[in-house]
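Using the sequences and the hints, build the whole thing.
What follows is each chain in one-letter form.
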Amino acid sequence: AQRVTQPEKLLSVFKGAPVELKCNYSYSGSPELFWYVQYSRQRLQLLLRHISRESIKGFTADLNKGETSFHLKKPFAQEEDSAMYYCALSGGSNYKLTFGKGTLLTVNP
Amino acid sequence: GAGVSQSPSNKVTEKGKDVELRCDPISGHTALYWYRQSLGQGLEFLIYFQGNSAPDKSGLPSDRFSAERTGGSVSTLTIQRTQQEDSAVYLCASSFGGGVGYTFGSGTRLTVV
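These protein sequences, in sequence, are chains A and B. Everything in the first sequence is counted per the working numbering, starting at 11 for the first residue and increasing by one. Everything in the second sequence is counted per the working numbering, starting at 7 for the first residue and increasing by one.
A hint or two may mislead.
[To be verified] Among the chain B residues that face chain A by a calculated CB cut under 7 Å, a handful are:
hint : residue
1    : L49
2    : F51
3    : Y54
4    : G57
The set of hints was computed from the structure by calculation and includes no laboratory data. Don't be surprised by glycine CBs; every beta carbon is placed ideally from N, CA and C.
Next comes the structure, spelled out in structure tokens:
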């Protein structure tokens with residue numbers, strides 16, 4: 011069975027502060043991990059995936075297989091980063107995503 | 007089309023009635039997915055189509071739920087005899103091939119009263 015845990019339902023930081031959204035997963039094989047973001051009144055969209063090792067909007071995430079984590083980080087949060095963030099895992103199948111329950115990030119001015 | 011289109015965007019129905027939710031994927035995307043987003047539950051996988059066939063319908067919560075896809079394009083999710091616990095946002099996504107680089111629609115918010 012595969013599972014994704016996002017321990018924080020809510021996270022609030024001030025503009026310019028570092029932010030880390032936690033994601034832990036459970037999967038026995040080699041997973042593919044993703045972060046999706048949903049801004050207010052917009053559709054869910056892919057933020058980044060671990061295999062591309064890219065930085066999008068200043069966010070990065072590193073897959074730590076030892077700790078089974080895929081935390082999302084940004085050194086200096088911006089107000090426009092306020093959104094719901096979902097961590098997701100694809101394991102085994104190459105089509106089904108298992109999502110965490112999401113973390114609502116609020117960046118205060 | 008330019009994106010994944012879902013209709014209606016909002017649907018309020020009475021308990022016990024049937025509803026149909028429609029998804030129009032990106033042109034050329036062979037894979038189509040339905041997910042459900044409930045308050046506090048995150049996103050739950052419902053069903054996956056490759057072309058017109060559904061190799062994985064394991065996420066459908068009960069036999070009141072069914073889905074079909076015709077012409078390798080539009081899909082309809084049908085919920086029969088709706089219950090209050092069916093209230094959720096139903097999301098459709100599509101991708102080229104079976105990969106997980108999805109494009110999501112904006113969803114249908116279903117409220118059963």
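Now for the hints, and whether the structure bears them out:
Among the interface hints, the one on B:L49 holds; its C-beta lies about 4 Å from the nearest C-beta in chain A, closer than the 7 Å criterion. Here the hint on B:F51 is kept, as its CB sits about 5 Å from the closest CB of chain A, short of 7 Å. Interface restraint check: B:Y54 against chain A, minimum CB-CB distance 5 Å, threshold 7 Å, status holds. The beta carbon of B:G57 is not positioned within 7 Å of any beta carbon in chain A (closest approach about 13 Å), and the interface hint is therefore violated.
In this structure, only the earlier hint numbered 4 is contradicted, and the remaining ones agree with it.
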